[in-house]
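With numbering that gives the first Met the number 0 applied, the sequence shown covers 0 to 170.
Take these hints with a grain of salt, some might be off.
No more than 30 Å apart at the CA atoms, straight line, and that leaves these computed lysine-lysine pairs for BS3-like [stated by the list, open to error]: (1) 9 <-> 59; (2) 3 <-> 79; (3) 59 <-> 79; (4) 79 <-> 107; (5) 21 <-> 77; (6) 79 <-> 158; (7) 21 <-> 79; (8) 79 <-> 46; (9) 46 <-> 77; (10) 84 <-> 158; (11) 84 <-> 59; (12) 77 <-> 59; (13) 158 <-> 9; (14) 139 <-> 88; (15) 59 <-> 21; (16) 46 <-> 59; (17) 158 <-> 139; (18) 79 <-> 139; (19) 107 <-> 77; (20) 158 <-> 107; (21) 21 <-> 9; (22) 107 <-> 21; (23) 107 <-> 84.
By construction, these hints were calculated from the structure, which means they are not laboratory data. Keep in mind the model is a prediction, meaning the values are calculated, not measured.
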Amino acid sequence: MTEKLITVGKIANTHGIRGELKIVPETDFPERFDKGNALIIVDPQNKQTPVTVQTSRLHKNVFIVQFTQFSNINEVEKFKGSLLKIEAKNQQPLEEGEYYYHEIIGCKVITEEGQELGLVSEVLTPGANDVWVVDLPKGKQLLLPVIDDVILDVDVAAKTIRIHLMEGLME
Numbered sequence: 000m001t002e003k004l005i006t007v008g009k010i011a012n013t014h015g016i017r018g019e020l021k022i023v024p025e026t027d028f029p030e031r032f033d034k035g036n037a038l039i040i041v042d043p044q045n046k047q048t049p050v051t052v053q054t055s056r057l058h059k060n061v062f063i064v065q066f067t068q069f070s071n072i073n074e075v076e077k078f079k080g081s082l083l084k085i086e087a088k089n090q091q092p093l094e095e096g097e098y099y100y101h102e103i104i105g106c107k108v109i110t111e112e113g114q115e116l117g118l119v120s121e122v123l124t125p126g127a128n129d130v131w132v133v134d135l136p137k138g139k140q141l142l143l144p145v146i147d148d149v150i151l152d153v154d155v156a157a158k159t160i161r162i163h164l165m166e167g168l169m170e
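With the hints as constraints, model all of the structure from the sequences given.
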């Protein structure tokens, strides 16, 4: 079985003629794009190209990255729209109580009384705290604020989240 890959960025466009790419980061760890780091370009057809960061700089919220494998625009144009990924084993360890989005999506949400509500389908980041979108039966959705008063326990291994259903959440 191949190693699970985690998306850390998206290739938005080329930059200049020397093979640099504009990368929109999708990670809380910008050091992913530091010189010497190994990444994998995954194109829309799921073709994987291992690459190594040669140079990287932040410019207007995107990273301008050049990989050691490419030196001109003609070699990298085909990667526009592709994703940049890492192997799951290369993820940064998180603090207690922190989770990667991919660990939360698909988790079963259960109330403290044991009532099964549905599965987390999306993670929103509107501001002060994240919001987990739970798909309920009959096509409805529940927006769960990720705060201590609501999220009681997250068991990533068992893919379950136990919550306190505060008044007003299910309206």
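ask   = Is residue 107 within 30 Å of residue 21, Cα to Cα?
value = 37 Å, violated
key: Pairwise hint evaluation, residue 77 against residue 107, where the allowed Cα distance is 30 Å at most   = Measuring from Cα to Cα gives roughly 39 Å; hence the hint is violated.
task = For the pair we were handed, residue 46 and residue 59, check the Cα-Cα distance against 30 Å.
result = It holds: about 29 Å lies between the C-alpha atoms, which stays within 30 Å.
query = Under the criterion that the straight-line Cα-Cα distance not exceed 30 Å, is the pair residue 21, residue 77 satisfied?
reply = 13 Å, holds
query = Would the pair residue 79 and residue 158 pass a check requiring their Cα atoms to be no farther apart than 30 Å?
reply = 34 Å, violated
ask   = Do the alpha carbons of residue 77 and residue 59 lie within 30 Å of each other, as the hint requires?
value = 23 Å, holds
query = When you check the alpha-carbon spacing of residue 139 and residue 88, does it fall within 30 Å?
reply = Violated, because 35 Å separates the two Cα atoms, which is more than 30 Å.
key: residue 21 paired with residue 9 [C-alpha distance capped at 30 Å]   = Given that 30 Å is the threshold and the Cα spacing comes to 8 Å, the pair holds.
inquiry  = What's the verdict on residue 84 and residue 158, does the C-alpha distance respect the 30 Å limit or exceed it?
reply    = Answer holds: residue 84 to residue 158 is near 23 Å, not above 30 Å.
query = Would the pair residue 84 and residue 59 pass a check requiring their Cα atoms to be no farther apart than 30 Å?
reply = 22 Å, holds
message = Run the distance test for residue 79 versus residue 107: straight-line Cα separation, threshold 30 Å.
response = The given pair, whose Cα atoms are some 35 Å apart, is violated under the 30 Å limit.
key: Pairwise hint evaluation, residue 139 against residue 79, where the allowed Cα distance is 30 Å at most   = 36 Å, violated
Going through the hint list in order, the structure does not satisfy hints 4, 6, 14, 18, 19, 22.
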